[in-house]
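Student: Here's the letter readout for the chains.
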Amino acid sequence: MAVEQKMVTVYIMGEPQLVPEGSTIIMAWEYAGFQLKKGLGCREGFCGACATVYREKGDFKLKGGLACQTVVTDGMSLVQIPFVPSERPRYNLAELKPDINTFKELFPTIFRCVACNTCSKVCPQDIKVMDYIQQLKRGDIAAAAATSFDCIRCGLCALRCPADIVQFNAATLAQRLYGKYLAKPSPELADRLTEIDEGKFEAEIEELYNMSHDDLVKKYYSREIKIR
Amino acid sequence: MKIPYFPGCSLKTYASSFEKSAIASGAELGIEFVEIPRWNCCGVVSSLTSDDLMHHLAPVRNMIRVLEMQDACMVDTDNKMLTLCSMCMNTLKRTNLKMREHADELETINDFMYNEDQKYDGSVNVVHYLETLKEYGFDKIAEKVKVSLKGLKVAPYYGCMLIRPKEVGIDDAEEPTIFEDFLKALDAEPVEWRSKKTCCGSYLTVSKENIVVKLTSKILEDARSNGADVIITSCPLCAFNLDSRQELIRIQNPGFEPIPVLYFTQLLAIALGLDINEFGFANNKIDGIPILNKKIFKK
Chain R
1 MAVEQKMVTV
11 YIMGEPQLVP
21 EGSTIIMAWE
31 YAGFQLKKGL
41 GCREGFCGAC
51 ATVYREKGDF
61 KLKGGLACQT
71 VVTDGMSLVQ
81 IPFVPSERPR
91 YNLAELKPDI
101 NTFKELFPTI
111 FRCVACNTCS
121 KVCPQDIKVM
131 DYIQQLKRGD
141 IAAAAATSFD
151 CIRCGLCALR
161 CPADIVQFNA
171 ATLAQRLYGK
181 YLAKPSPELA
191 DRLTEIDEGK
201 FEAEIEELYN
211 MSHDDLVKKY
221 YSREIKIR
Chain B
1 MKIPYFPGCS
11 LKTYASSFEK
21 SAIASGAELG
31 IEFVEIPRWN
41 CCGVVSSLTS
51 DDLMHHLAPV
61 RNMIRVLEMQ
71 DACMVDTDNK
81 MLTLCSMCMN
91 TLKRTNLKMR
101 EHADELETIN
111 DFMYNEDQKY
121 DGSVNVVHYL
131 ETLKEYGFDK
141 IAEKVKVSLK
151 GLKVAPYYGC
161 MLIRPKEVGI
171 DDAEEPTIFE
181 DFLKALDAEP
191 VEWRSKKTCC
201 GSYLTVSKEN
211 IVVKLTSKIL
221 EDARSNGADV
231 IITSCPLCAF
241 NLDSRQELIR
251 IQNPGFEPIP
261 VLYFTQLLAI
271 ALGLDINEFG
281 FANNKIDGIP
291 ILNKKIFKK
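As given, the protein sequences belong to chains R and B, one line each in that order.
FYI, the numbering for the first sequence is 1 to 228, going by this note's numbering.
FYI, the numbering for the second sequence is 1 to 299, going by this note's numbering.
Source of the hints: derived by calculation from the structure; they are not laboratory data.
Because the structure is a prediction, the values reported are computed rather than measured.
Incorrect hints may appear among the rest.
Here are the simulated lysine to any residue pairs, SDA-like style, with alpha carbons at most 25 Å apart [said to hold, decoys possible]:
| # | chain 1 | residue 1 | chain 2 | residue 2 |
| --- | --- | --- | --- | --- |
| 1 | R | K63 | B | R164 |
| 2 | B | K12 | R | Q175 |
| 3 | B | K80 | B | S195 |
Computed far set for chain B versus chain R, every beta-carbon distance over 12 Å [as the list claims (entries may be wrong)]:
| # | residue |
| --- | --- |
| 4 | W39 |
| 5 | D52 |
| 6 | H55 |
| 7 | D187 |
Label-pair ranges, simulated between beta-carbon atoms [claimed, not checked]:
| # | chain 1 | residue 1 | chain 2 | residue 2 | range |
| --- | --- | --- | --- | --- | --- |
| 8 | R | K63 | B | D117 | 37 to 43 Å |
| 9 | B | Y136 | R | S86 | 48 to 54 Å |
| 10 | R | K63 | B | C73 | 49 to 55 Å |
Beta carbons are placed, not taken as given, at the ideal position from N, Cα and C, and that holds for glycine.
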């Protein structure tokens, strides 16, 4: 027996479009006939390229999410956004010190944080973004690196921040400083690098290279993901 | 006593000697500082614009953290929030007062913070460590003194934030005595001087350091001419202006005689018999160790 596909109405740039219920935002755009070339990537929620904003019916709040992960609802309004702000200072990690002065110089905007928490509210990864900005304000780089660990750099935090902070780039610097200067040295890492140099994984990589597309897809989706 | 403790950003960076000596001295007196989980910036500088509620979010969020700590039985005090930095105390208290007096503004803020687990009700009392020590009893502290500070002449510097405006001050705005009472408990000799409430120049130190140099050199010379060996303060910003700016003062006035600027908790820790090397005296730009050795340890 055929099951009838339920449809919902979404407003794309103000124009009503009927799209299948359960579509993601990307699927809704494409179903409506748009060809998307920018602002999307892996379509799996990992790459962070498809950050977008939307409104839901009867709710004045501007919400944000990944277009590949957010399922449309009836009456949802969708728009194109120009880009995500990603101002990024240039630095040479080897010349930096893992202390608060580095952040004062490279990311002075973090000291404008008023703890409004808009960044944490919008984060699709449920990261306590405001908390790690506050940790950076007091020079606790190790804590900030840990708090921001799951960031995929979609940039929604920066897009919504009233203080013009580019949180995710500050997080990247915190993680780099932590990795280079603060993390406990790991002998396992040195061992693994030697193994890679000695070619221990060459055969496995070669095997992946030679797989057909279908087999690769099958292997990808049957992999085990370890949840921390 | 386990009390929720709000550190503030300075205490975690350039004023770490303040925090270390405060926590260690508290432990000697049975006052346990329990750092507030997920605390954020106090909200400095306190916004005086009547419709600028955004800048009061940070302080209110910290108040909610205190209520959460009480719910989780992490502390045994009643609605208290302990502060060390005068500026943090002042900012937190001013917002708290605003929230208590303007129910509509509190409601707007609570509405905005809908993702917090509970609403703020104005019930937290922000206290300064000096107040906690006074409540503990300066006479009781005197009984616990192991190393008498007899002969040490100390200029107590209140600055602005500890006593003004009077609605949030911890003592009389014109004639404060809490520092003097504290010093007497340690057997130290408080110096009577004119500049104890004179502004240090505050944040002008960032953009107009020459004004700060002018203001602080007057304050420091006043302390010196009244015979002070050291100055004490409870504000990391005042300490920065009074201590670090002496370098510039000396360039402009080569005859200037430097004077050490300490946190009051550093003296408390010494008096309670704790190791002088533990509390970051070496971080002070003007080394306080020689005068303390001479006057207290008779070395």
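Student: Now, for every hint given, state plainly whether the structure supports it.
Tutor: Results for each hint:
1. Between K63 of chain R and R164 of chain B the CA atoms are separated by roughly 42 Å; this puts the pair beyond 25 Å, and the hint is violated.
2. Restraint check: the Cα-Cα separation between K12 of chain B and Q175 of chain R comes to about 20 Å, which is no more than 25 Å; the hinted pair holds.
3. A distance of roughly 31 Å separates the Cα atoms of K80 of chain B and S195 of chain B; the hinted pair therefore is violated under the 25 Å criterion.
4. At roughly 8 Å from the closest C-beta of chain R, the C-beta of W39 of chain B falls inside 12 Å, breaking its exclusion from the interface.
5. Residue-level check failed: D52 of chain B sits 10 Å from the nearest beta carbon of chain R, not beyond 12 Å.
6. The claim that H55 of chain B is not at the interface with chain R is violated, since a C-beta of that chain comes within 12 Å of its own (minimum 6 Å).
7. For D187 of chain B, the non-interface assignment is confirmed: its Cβ lies about 35 Å from the closest Cβ of chain R, beyond the 12 Å cut-off.
8. Taking 37 to 43 Å as the suggested C-beta distance range, the pair K63 of chain R and D117 of chain B does not conform, at roughly 21 Å.
9. In this structure, Y136 of chain B and S86 of chain R meet the distance hint of 48 to 54 Å, their C-beta atoms being roughly 52 Å apart.
10. The hinted window of 49 to 55 Å between K63 of chain R and C73 of chain B is violated, with their beta carbons roughly 36 Å apart.
The structure fails hints 1, 3, 4, 5, 6, 8, 10 (numbered hints given earlier, in ascending order).
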